[in-house]
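Which chain is which? The protein sequence lines are A and B, in order.
No gaps in the numbering here: position 68 of the first sequence is 68 in the numbering used here, and each next residue is one more.
No gaps in the numbering here: position 83 of the second sequence is 1083 in the numbering used here, and each next residue is one more.
Since the hints were made in silico from the structure, they are not lab data.
Hints may be right or wrong, so weigh each one.
In silico BS3-like links for lysine-lysine, alpha-carbon gap of 25 Å or less [unchecked claim]:
1) A:K126 <-> A:K149
2) A:K121 <-> A:K149
3) B:K1149 <-> B:K1194
4) B:K1015 <-> A:K15
5) B:K1015 <-> A:K121
6) B:K1015 <-> A:K149
7) B:K1149 <-> A:K15
8) A:K126 <-> B:K1149
9) B:K1194 <-> A:K194
10) B:K1149 <-> B:K1126
11) B:K1126 <-> A:K15
2 protein chains.
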Amino acid sequence: MDQQPPSNFARVRRKPQRAAYDRTTIHAILDAGMVCHVGHIIDGRPVVIPTFHWRHGDRVYWHGSAASRMLEANAAGGEVCLTVTLLDAWVLARTSFNHSANYRSVLCFGRPSVVDHPDEKLAAMKGFVERLFPGRWDRLRPPTVQEIKATLILSLPLTEASAKLRTGPPIDDEADRAWPVWAGVLPLHLVADKPVADAYVVPGQEPPATPL
Amino acid sequence: MDQQPPSNFARVRRKPQRAAYDRTTIHAILDAGMVCHVGHIIDGRPVVIPTFHWRHGDRVYWHGSAASRMLEANAAGGEVCLTVTLLDAWVLARTSFNHSANYRSVLCFGRPSVVDHPDEKLAAMKGFVERLFPGRWDRLRPPTVQEIKATLILSLPLTEASAKLRTGPPIDDEADRAWPVWAGVLPLHLVADKPVADAYVVPGQEPPATPL
């Protein structure tokens, strides 16, 4: 495993013992997260937009809109920071100071490319649907040329990326361990509720398995 | 309800019919979210860091570290964009193009202040713990002067903020409604699993209710 930061900029400075730079860790966190936050600089100001991402090999892809600020920012050749965060647990300690969270996060830096070749774009759109709902792509009404044109997909190589993780129980000072309050971990996870069909589903069509 | 954007910059441009600018909506989303993503400009590059936030009145507060890049960026008087996103459901349509998500998000722009008065900082730390675990603050070992000093809390007035929301079923073209595939909404929500006590909990101490 490569545990060296790919650049000084991508190096985790705060709590570096929680950092990871190996592909396996970075890929796993990107694959487990369903929402990403993409930071751009627009008119000299930071703008952080939530959107959806997926990974193929050593690139991360995300979904924009041909009418969005993201395209404007990207058309200007701007850099982005794409961040994916998974909150795994609240970590309750005996002091407010030692309260924490167990989490997994990845920051990816770079200048994104627009996926503009229709075939490549179609493959990326398929990758997004199939990642969440395997087998669904082939059952959908195929996209039209106009729909492909109206979809903005951006991508970034994972050349400048870092992960940060915390796991485990709270870390209280030894002197505080006898303090009379509960301390430990409250694990969290996302669940899917019962699917709600829309008004037009034709008989015999079942909802897909949930991607969780 | 004030449905005017507070500034041209905070105005939602993409799908403006999903925008909201009233305090009630913005407060409710900030209060429901547990993780925020804060975008800074560092060395001319966007950096998006996940952290924890809470709200008091018409300000949002978040937690940093006195050793972090966030402080450096803030010390330079830099602007931030603090974004909170809740993913409520996957929205499955009959075409890949009409797939979407139900979500609630808020973007807050501005130049943060460091909460530096010890009393104000203590009140903010209490606000954070009490928001998630009501009644817990008074049961904790009180913070030391050194712990208060080592905690970085930033805050931003909600003067330039916007919300964006999507709810409801997929919106397919009428011509696609008979396409033979399931379409509808897969609701998602975060749940807490069984609490895991650490090795030192003294007898009789029970875990707090989970903040979900």
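Hint check:
Restraint check for K126 of chain A and K149 of chain A: satisfied, since their Cα atoms lie roughly 15 Å apart, inside the 25 Å limit. The hinted pair formed by K121 of chain A and K149 of chain A meets the criterion: a straight-line CA distance of about 9 Å does not exceed 25 Å. The suggested pairing of K1149 of chain B with K1194 of chain B is violated, with an alpha-carbon distance near 34 Å, which exceeds 25 Å. The hinted pair formed by K1015 of chain B and K15 of chain A fails the criterion: a straight-line CA distance of about 39 Å is larger than 25 Å.
In summary, the hint linking K1015 of chain B to K121 of chain A is supported, as the alpha carbons are separated by about 22 Å, within the 25 Å threshold. Simply put, K1015 of chain B and K149 of chain A have alpha-carbon atoms about 18 Å apart, close enough for the 25 Å limit, and the pair holds. Only pairs whose Cα atoms come within 25 Å are accepted, and K1149 of chain B paired with K15 of chain A is accepted, the gap being roughly 18 Å. At most 25 Å may separate the alpha-carbon atoms for a hinted pair to count; K126 of chain A and K1149 of chain B exceed this at roughly 51 Å.
Distance hint between K1194 of chain B and K194 of chain A is fulfilled; the C-alpha atoms sit about 22 Å from each other, no more than 25 Å. Between the alpha carbons of K1149 of chain B and K1126 of chain B the distance comes to roughly 15 Å, so the proposed pair stays at or under 25 Å and holds. A hinted pair counts as satisfied when its Cα atoms are at most 25 Å apart, and K1126 of chain B with K15 of chain A qualifies at roughly 24 Å.
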